[in-house]
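Put together the whole structure using the sequences plus the hints.
Using my numbering, you'd call the opening residue of the sequence shown number 101 and step up by one each time.
Because the hints were derived from the structure by calculation, they are not lab data.
Since this is a predicted model, take the numbers as computed values, not measurements.
Take the hints with a grain of salt, since some may be wrong.
With a Cα cut of at most 20 Å, we get these calculated EDC-like pairs of lysine to aspartate or glutamate [what the hints assert, rightly or not]:
{"id": "1", "residue 1": "LYS189", "residue 2": "GLU165"}
{"id": "2", "residue 1": "LYS204", "residue 2": "GLU304"}
{"id": "3", "residue 1": "LYS189", "residue 2": "GLU148"}
{"id": "4", "residue 1": "LYS114", "residue 2": "GLU135"}
{"id": "5", "residue 1": "LYS316", "residue 2": "GLU304"}
{"id": "6", "residue 1": "LYS196", "residue 2": "GLU165"}
{"id": "7", "residue 1": "LYS114", "residue 2": "GLU144"}
{"id": "8", "residue 1": "LYS114", "residue 2": "GLU138"}
{"id": "9", "residue 1": "LYS110", "residue 2": "ASP145"}
{"id": "10", "residue 1": "LYS102", "residue 2": "GLU274"}
{"id": "11", "residue 1": "LYS204", "residue 2": "ASP123"}
{"id": "12", "residue 1": "LYS179", "residue 2": "GLU148"}
{"id": "13", "residue 1": "LYS110", "residue 2": "GLU138"}
{"id": "14", "residue 1": "LYS134", "residue 2": "ASP145"}
{"id": "15", "residue 1": "LYS102", "residue 2": "ASP123"}
{"id": "16", "residue 1": "LYS196", "residue 2": "ASP256"}
{"id": "17", "residue 1": "LYS270", "residue 2": "ASP240"}
{"id": "18", "residue 1": "LYS110", "residue 2": "GLU165"}
{"id": "19", "residue 1": "LYS221", "residue 2": "ASP258"}
Ranges between beta-carbon positions, derived for each pair [to be verified]:
{"id": "20", "residue 1": "PHE139", "residue 2": "SER305", "range": "44 to 52 Å"}
{"id": "21", "residue 1": "VAL214", "residue 2": "THR162", "range": "16 to 24 Å"}
{"id": "22", "residue 1": "LYS169", "residue 2": "GLY302", "range": "20 to 28 Å"}
{"id": "23", "residue 1": "GLY202", "residue 2": "LYS110", "range": "27 to 35 Å"}
{"id": "24", "residue 1": "TYR294", "residue 2": "LYS169", "range": "39 to 47 Å"}
{"id": "25", "residue 1": "PHE211", "residue 2": "PHE164", "range": "18 to 26 Å"}
{"id": "26", "residue 1": "GLY166", "residue 2": "ASP240", "range": "55 to 63 Å"}
{"id": "27", "residue 1": "GLU138", "residue 2": "PHE164", "range": "23 to 31 Å"}
{"id": "28", "residue 1": "GLY238", "residue 2": "LYS169", "range": "35 to 43 Å"}
{"id": "29", "residue 1": "PHE164", "residue 2": "PHE139", "range": "40 to 48 Å"}
{"id": "30", "residue 1": "THR237", "residue 2": "SER288", "range": "32 to 40 Å"}
{"id": "31", "residue 1": "ILE121", "residue 2": "LYS189", "range": "34 to 42 Å"}
{"id": "32", "residue 1": "THR239", "residue 2": "LYS189", "range": "18 to 26 Å"}
No residue lacks a Cβ here, since even glycine has one placed at the ideal position from N, Cα and C.
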Amino acid sequence: MKIFLDTANKDEIKQAYEWGIIDGITTNPSHVAKEGQEFFSLVEDICELVPDGEISVEVTATDFEGILKEGRVIAGLHKNIIVKVPLIKSGIQAIKVLSSEGIKINTTLCFSAVQGLLAAKVGSTYISPFVGRLDSTGTDGMDLVRQLRTIYDNYDFDTQILAAALRHPKHVLEAALAGAEVATMGFSIIEQLYYHPQTDIGLESFLNDWKKLDTKIISG
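Okay, structure coming up:
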């Protein structure tokens, strides 16, 4: 499963990329606005920080022609950019055109399996079910990931499931078990993936025992 970092913060991106575990970045208008940097220069910087990863950048237009125009501009900024389009009627219509032009699409704000079916039918590269936001309404958001997996497998759709709005490491585990191709999450969630108390306890024990030996692995 690929791991994407959900942010537009360059410090977070640089640090996570240096860890060697992230495969791409997902941004949205809220993330971009938070950084206070001119849009095009920020996107350029992010692409340079993750030169071998996919970078999702979202349109802000909501009408068909506007989405087409913005999508083409965004796609032209860098070869690794994935254009994010909201799952609305005009968005699905635009995705049909953009995908036919060879532009990769991440269809975002998916909250139902039938929405995900429509995105797959028009050739979306990724579908982003918002797991955590569904959980906050009292629904099991991971059920949507499982439903999409079944539908896409039933009909051999190429659209990949990008589990989004993940709130904790258990979401990441469940997304992996459900067969999502990608999980995207905030910086704090990625940090939590490393940790388990038994790892810390075990390491402390090993190092304390090692101190009893008068030896070094590397001398000098």
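Right, here's what the structure says about each hint:
A threshold of 20 Å between alpha carbons decides the hint, and for LYS189 with GLU165 the separation of about 12 Å falls inside it, so the pair holds. For a cut-off of 20 Å, the pair hint linking LYS204 to GLU304 is broken: about 47 Å separates their Cα positions. For the suggested pair LYS189 and GLU148, the alpha carbons sit about 33 Å apart, so the restraint of at most 20 Å is broken. For the hint linking LYS114 to GLU135, the alpha-carbon distance of about 15 Å falls within 20 Å, and the restraint holds.
Of the supplied pair hints, the one linking LYS316 and GLU304 holds, its CA atoms being roughly 17 Å apart against a limit of 20 Å. At most 20 Å may separate the alpha-carbon atoms for a hinted pair to count; LYS196 and GLU165 meet this at roughly 13 Å. Proposed proximity of LYS114 and GLU144 is supported: the alpha carbons are some 14 Å apart, at most 20 Å. For the suggested pair LYS114 and GLU138, the alpha carbons sit about 19 Å apart, so the restraint of at most 20 Å is met.
For a cut-off of 20 Å, the pair hint linking LYS110 to ASP145 stands: about 8 Å separates their Cα positions. For the suggested pair LYS102 and GLU274, the alpha carbons sit about 14 Å apart, so the restraint of at most 20 Å is met. With a CA separation close to 16 Å, the supplied pair LYS204 and ASP123 stays within the 20 Å bound. For the hint linking LYS179 to GLU148, the alpha-carbon distance of about 11 Å falls within 20 Å, and the restraint holds.
Of the pairs offered as hints, the one joining LYS110 and GLU138 holds, with about 13 Å between alpha carbons and a cut-off of 20 Å not exceeded. The straight-line distance between the Cα atoms of LYS134 and ASP145 is roughly 15 Å, inside the 20 Å bound, and the hint therefore holds. For the hint pairing LYS102 with ASP123, the CA-to-CA distance comes to about 6 Å; that is within 20 Å, so the pair holds. A distance of roughly 18 Å separates the Cα atoms of LYS196 and ASP256; the hinted pair therefore holds under the 20 Å criterion.
A C-alpha spacing of about 13 Å is found between LYS270 and ASP240, which places the hinted pair at or below 20 Å, so the restraint holds. A C-alpha spacing of about 31 Å is found between LYS110 and GLU165, which places the hinted pair above 20 Å, so the restraint is violated. As the CA atoms of LYS221 and ASP258 are separated by approximately 10 Å, the hinted pair is consistent with the 20 Å bound. Under the hint 44 to 52 Å, the C-beta atoms of PHE139 and SER305, about 51 Å apart, fit the expected range.
In this structure the supplied range 16 to 24 Å holds for VAL214 paired with THR162, their Cβ-Cβ distance being about 20 Å. The beta-carbon spacing between LYS169 and GLY302, approximately 56 Å, falls outside the hinted interval of 20 to 28 Å. Taking the beta carbon of each, GLY202 and LYS110 are about 29 Å apart, inside 27 to 35 Å as hinted. In this structure the supplied range 39 to 47 Å holds for TYR294 paired with LYS169, their Cβ-Cβ distance being about 42 Å.
Taken as a hint, the range 18 to 26 Å holds for the pair PHE211 and PHE164, whose Cβ atoms sit roughly 21 Å apart. At about 35 Å, the CB distance of GLY166 to ASP240 disagrees with the hint of 55 to 63 Å. Against the hinted window of 23 to 31 Å, the Cβ-Cβ separation of GLU138 and PHE164 comes to about 27 Å, which satisfies the hint. Checked against the hint of 35 to 43 Å, the C-beta distance between GLY238 and LYS169 comes to roughly 39 Å, which is consistent with it.
Checked against the hint of 40 to 48 Å, the C-beta distance between PHE164 and PHE139 comes to roughly 22 Å, which is inconsistent with it. THR237 and SER288 have their C-beta atoms about 22 Å apart, which leaves the hinted 32 to 40 Å range violated. One distance hint, 34 to 42 Å for the beta-carbon pair ILE121 and LYS189, holds here, with the actual separation near 37 Å. For THR239 and LYS189, the hinted distance range of 18 to 26 Å is satisfied, since their beta carbons lie about 23 Å from each other.
Going down the numbered hints, you'll see the structure goes against 2, 3, 18, 22, 26, 29, 30, while the others check out.
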